[in-house]
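Note that the protein sequences, when read in sequence, are chains A and B.
So that you can map any letter, position 202 of the first sequence is 202 in the numbering used here, and since no number is skipped, the others follow by simple counting.
So that you can map any letter, position 86 of the second sequence is 321 in the numbering used here, and since no number is skipped, the others follow by simple counting.
It cannot be assumed that every hint is accurate.
What the hints assert, rightly or not - When the alpha-carbon atoms are kept at most 16 Å apart in a straight line, the in silico EDC-like pairs for lysine to aspartate or glutamate are as follows:
#, chain 1, residue 1, chain 2, residue 2
1, A, Lys-208, A, Glu-94
2, B, Lys-361, B, Asp-300
3, A, Lys-130, A, Glu-174
4, A, Lys-218, A, Glu-103
5, B, Lys-310, B, Glu-282
6, B, Lys-355, B, Glu-375
7, B, Lys-281, B, Asp-271
8, A, Lys-123, B, Asp-380
9, A, Lys-218, B, Glu-411
10, A, Lys-218, B, Asp-416
11, A, Lys-224, B, Glu-411
12, A, Lys-176, A, Asp-134
13, A, Lys-130, B, Glu-338
14, A, Lys-123, B, Glu-375
15, A, Lys-175, A, Glu-94
Stated by the list, open to error - Non-contacting residues of chain A with respect to chain B, defined by C-beta distances greater than 10 Å in every case (computed):
#, residue
16, Phe-54
17, Ala-191
18, Lys-208
Bear in mind the hints are in silico, worked out from the structure with no lab data behind them.
Quick caveat: nothing in here was measured; it's all calculated off a predicted structure.
Glycine included, C-beta positions come from ideal geometry on N, C-alpha and C.
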Amino acid sequence: MSEQITFTIDGVEIKDKAGQTIMQAADEAGIYIPRLCRHPDLPPRGSCRVCTVFVNGKPQAACTQPIAEGMTVENDTPELKESRRNIIDMLFIEGNHFCMFCEKSGNCELQALAYRLGILSPKYPYFFPKKDVDSTHPDIFLDLNRCILCGRCVEASRDVDHKGVFEFVGRGIEKKIAVNAEADLKDTDFAATDKAADVCPVGAINKKRTAFSTPIGKRLYDTKPIGSEIEERKK
Amino acid sequence: MSKPKIATTSLAGCFGCHMSLLDIDERILKLIELVDFDKSPIDDIKEFTGRCAIGLIEGGCANEDNVHVLQEFRKHCDILVAVGDCAIMGDIPAMRNNIPLKECLEEAYLNGPSIHNPEKVMPNDKELPLCLDRVYPCHEVVKIDYSLPGCPPGADTIWQALVALLNNKPLELPYELIKYD
Ligand code: SF4
Ligand code: SF4
Ligand code: FES
Numbered sequence: 001m002s003e004q005i006t007f008t009i010d011g012v013e014i015k016d017k018a019g020q021t022i023m024q025a026a027d028e029a030g031i032y033i034p035r036l037c038r039h040p041d042l043p044p045r046g047s048c049r050v051c052t053v054f055v056n057g058k059p060q061a062a063c064t065q066p067i068a069e070g071m072t073v074e075n076d077t078p079e080l081k082e083s084r085r086n087i088i089d090m091l092f093i094e095g096n097h098f099c100m101f102c103e104k105s106g107n108c109e110l111q112a113l114a115y116r117l118g119i120l121s122p123k124y125p126y127f128f129p130k131k132d133v134d135s136t137h138p139d140i141f142l143d144l145n146r147c148i149l150c151g152r153c154v155e156a157s158r159d160v161d162h163k164g165v166f167e168f169v170g171r172g173i174e175k176k177i178a179v180n181a182e183a184d185l186k187d188t189d190f191a192a193t194d195k196a197a198d199v200c201p202v203g204a205i206n207k208k209r210t211a212f213s214t215p216i217g218k219r220l221y222d223t224k225p226i227g228s229e230i231e232e233r234k235k
Numbered sequence: 236m237s238k239p240k241i242a243t244t245s246l247a248g249c250f251g252c253h254m255s256l257l258d259i260d261e262r263i264l265k266l267i268e269l270v271d272f273d274k275s276p277i278d279d280i281k282e283f284t285g286r287c288a289i290g291l292i293e294g295g296c297a298n299e300d301n302v303h304v305l306q307e308f309r310k311h312c313d314i315l316v317a318v319g320d321c322a323i324m325g326d327i328p329a330m331r332n333n334i335p336l337k338e339c340l341e342e343a344y345l346n347g348p349s350i351h352n353p354e355k356v357m358p359n360d361k362e363l364p365l366c367l368d369r370v371y372p373c374h375e376v377v378k379i380d381y382s383l384p385g386c387p388p389g390a391d392t393i394w395q396a397l398v399a400l401l402n403n404k405p406l407e408l409p410y411e412l413i414k415y416d
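Isolated chain B, as found in the complex (with noise of 0.2 Å):
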């Protein structure tokens, strides 16, 4: 029987919950032993090669980007699972949320006290994702199964639930892995 597959992917967030996955430890090779990982930025594969059992999500979306990349991960995995703060309450990137978009862009690329923009350029390349009017939590956008709270979530609590899910059971965590910091 084949492997399930695994795919992760990191959106408005520091990759500081992708850290926490490969904090743990030796470890990893049972969970390559487990699970093969689709689209990544672990093995570095771009495109969905198909069906995943479980889907990663760091951060929350931030950008037009953001949603897309979340709403293809709802489309190819069984289970979506919104881990750290930032996929589950915006976080860090959300505390742009009660100040108005072009308040912040202008702070960011005018006004701030160590912007040297003379020409007054803000960005604006088609290339560039557009920032969304304020930043939302994973589970604002599509259906979420399963949150992991923490910034970042301890290995332990990513080990836990990874094994509980490949394994139909439960996701029960005991008190001390329940942290929100």
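The shape of chain A in the complex, shown without the other chains (with noise of 0.2 Å):
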């Protein structure tokens, strides 16, 4: 039998098994700690940096650090609420994020946590950064005006589908996705029915021909925020 675990996250007590993360823990008793990069089919990256906790008083990604015996986690506080608030508001100026016109608006999860944290508008200035839009492949277009360079894609793709369509190119503000071929997505062997066209977080990669299929009020965030369906396990 493995090792029972107790800890607190917000001074709630909670046991589970060694070897969980802190965010599967968490999901199990009913606590949502916001995420991005974090897709339940694949292996946690740890990169988007909005499930950060404080353990023990020390920042750490809640979809990475496994829990330990007594640790003392804190996840809704103001303090993490303005530096999650912060990260998604730099994701929206960073990119060209029209949600007016957005096939993934309702669905999106960049989208919906903004929604969650109540944010009406980002406080920086916006960049209006000059994108590509790949529409080559009969069945899916690339939008990068919308990647949030989660990482999703370039992991389902390598890990999952076996094909390493998508791979990270440039450093810093010009890191972006790239497609594995000599030009575009269609001299990829990409298929709708690949896992990584299927696991964007945003509108950065869409299926053609399936956009606005639910009618606003249906779609996924339109009155429930995101993370409730986790909220619901709560006895």
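Using the hints, put the two chains back together into the complex; each one sits in its own frame.
Below, the structure is given as structure tokens:
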């Protein structure tokens, strides 16, 4: 039998088995820790830092940090809310997010986090960067205006689909997703049935001819905040 | 006691946010009990007649006239509210922001597929306000006190915000009213 561990999140005592991450244990206990790069079917990357919590006073990514006996985790604090808000704000201003005509609107994890945090407008000036759109593939289009560099597509294509269609290129502000081909997405073996076609949290990887099929009011995050499905598990 | 005044304007917007304001339906009668409209397309008053409690701004700044009007609003209004995504982030007009202005104008007046302009005339009447190099969100031009996102923000969003601000209450929108589309 694996070892039982007891620790607290925001003062609530949690018991779980060793080897779980803070996020896994929190999910099971019905406590939502905001997240963005984390996808339940892929290994955690710890890249977006939205899930940062304080563990015994030190900032740690909840999606990668394993639980340990007696640890104190702070999650829902004004300070962490502020830092999560800052990350979301920066993701909005670094891209071109025109939600009003985005296919993902209402089902987008970035937008949903902004709603949940009550963001009415970002507090930084917009970059309006020039980004590429690749619509050469018959079934999928890639809109880098909306890419938040979470890396989910890179992992899914490499580790699940075993194709390696996507890769990061460049550094810092120049960093972007590139496709593994001489030219465009159509020159790869990417298929709409690939795992990588289903994991993008935002409207960067989109299946053609599927947009706007759910009416406003019935989309994933129209009436219920992201994370409420986890909070409903709380007894 | 005289009623507080509201002013509204549409800069680089489509008037959709004003339509949304009218969409408060019969609550418009209550609104008229609460406030007087000053400079606004709703009553067609062109110049400010005095100090206003609230200025509602639709649209971002795409030309020099937009900047001038926005600065006038800042001068005359106690509280400025950026209403809608255009005022907040430039929105559809701001899609030109990563294309040089010259290229935009040439596409619009010379090279676009449906253009018939054999004389190759570019509009340059001095009555026309000059286009800015890009479209500026309102908060990059003057201080903005509150933002109501949406394209347009729903009538309930605008109504709740106005009622809160007119009663000196904090503007706290419920989850369902925060929308970016
Ligand atoms: S990807 Fe999300 S945040 Fe970006 S434009 Fe689309 S809906 Fe809005
Ligand atoms: S395309 Fe989507 S999944 Fe891939 S890195 Fe960008 S946001 Fe993440
Ligand atoms: S969800 Fe943990 S770092 Fe992104």
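Each hint, compared with the structure:
Note on A/Lys-208 and A/Glu-94: the hinted pairing is violated, with a Cα-Cα distance of about 25 Å set against a maximum of 16 Å. A threshold of 16 Å between alpha carbons decides the hint, and for B/Lys-361 with B/Asp-300 the separation of about 12 Å falls inside it, so the pair holds. Straight-line distance between C-alpha atoms of A/Lys-130 and A/Glu-174 comes to about 11 Å, which keeps the hinted pair within the 16 Å bound. For the suggested pair A/Lys-218 and A/Glu-103, the alpha carbons sit about 14 Å apart, so the restraint of at most 16 Å is met.
A threshold of 16 Å between alpha carbons decides the hint, and for B/Lys-310 with B/Glu-282 the separation of about 13 Å falls inside it, so the pair holds. As the CA atoms of B/Lys-355 and B/Glu-375 are separated by approximately 34 Å, the hinted pair breaks the 16 Å bound. Between B/Lys-281 and B/Asp-271 the CA atoms are separated by roughly 15 Å; this keeps the pair inside 16 Å, and the hint holds. Distance restraint check for A/Lys-123 and B/Asp-380: the Cα-Cα separation of roughly 12 Å lies within the 16 Å cut-off, and the hinted pair is therefore satisfied.
Pair hint A/Lys-218 plus B/Glu-411 holds up; C-alpha atoms about 12 Å apart against a cutoff of 16 Å. A distance of roughly 14 Å separates the Cα atoms of A/Lys-218 and B/Asp-416; the hinted pair therefore holds under the 16 Å criterion. Taken as a hint, the A/Lys-224 and B/Glu-411 pair is honoured in the structure, with Cα atoms around 8 Å apart against an allowance of 16 Å. At most 16 Å may separate the alpha-carbon atoms for a hinted pair to count; A/Lys-176 and A/Asp-134 meet this at roughly 13 Å.
Under the criterion of a C-alpha separation no larger than 16 Å, the hint pairing A/Lys-130 with B/Glu-338 is consistent with the structure, at around 14 Å. Restraint check: the Cα-Cα separation between A/Lys-123 and B/Glu-375 comes to about 10 Å, which is no more than 16 Å; the hinted pair holds. Between A/Lys-175 and A/Glu-94 the alpha-carbon distance is near 12 Å, which keeps this suggested pair within the 16 Å criterion. Even its closest Cβ contact with chain B, about 26 Å, leaves A/Phe-54 beyond 10 Å, as expected for a residue assigned away from the interface.
Non-interface call for A/Ala-191 relative to chain B: holds, since the shortest CB-CB distance, roughly 29 Å, exceeds 10 Å. Annotated as non-interface, A/Lys-208 keeps its C-beta farther than 10 Å from every C-beta of chain B; the closest such distance is 20 Å.
Going down the numbered hints, you'll see the structure goes against 1, 6, while the others check out.
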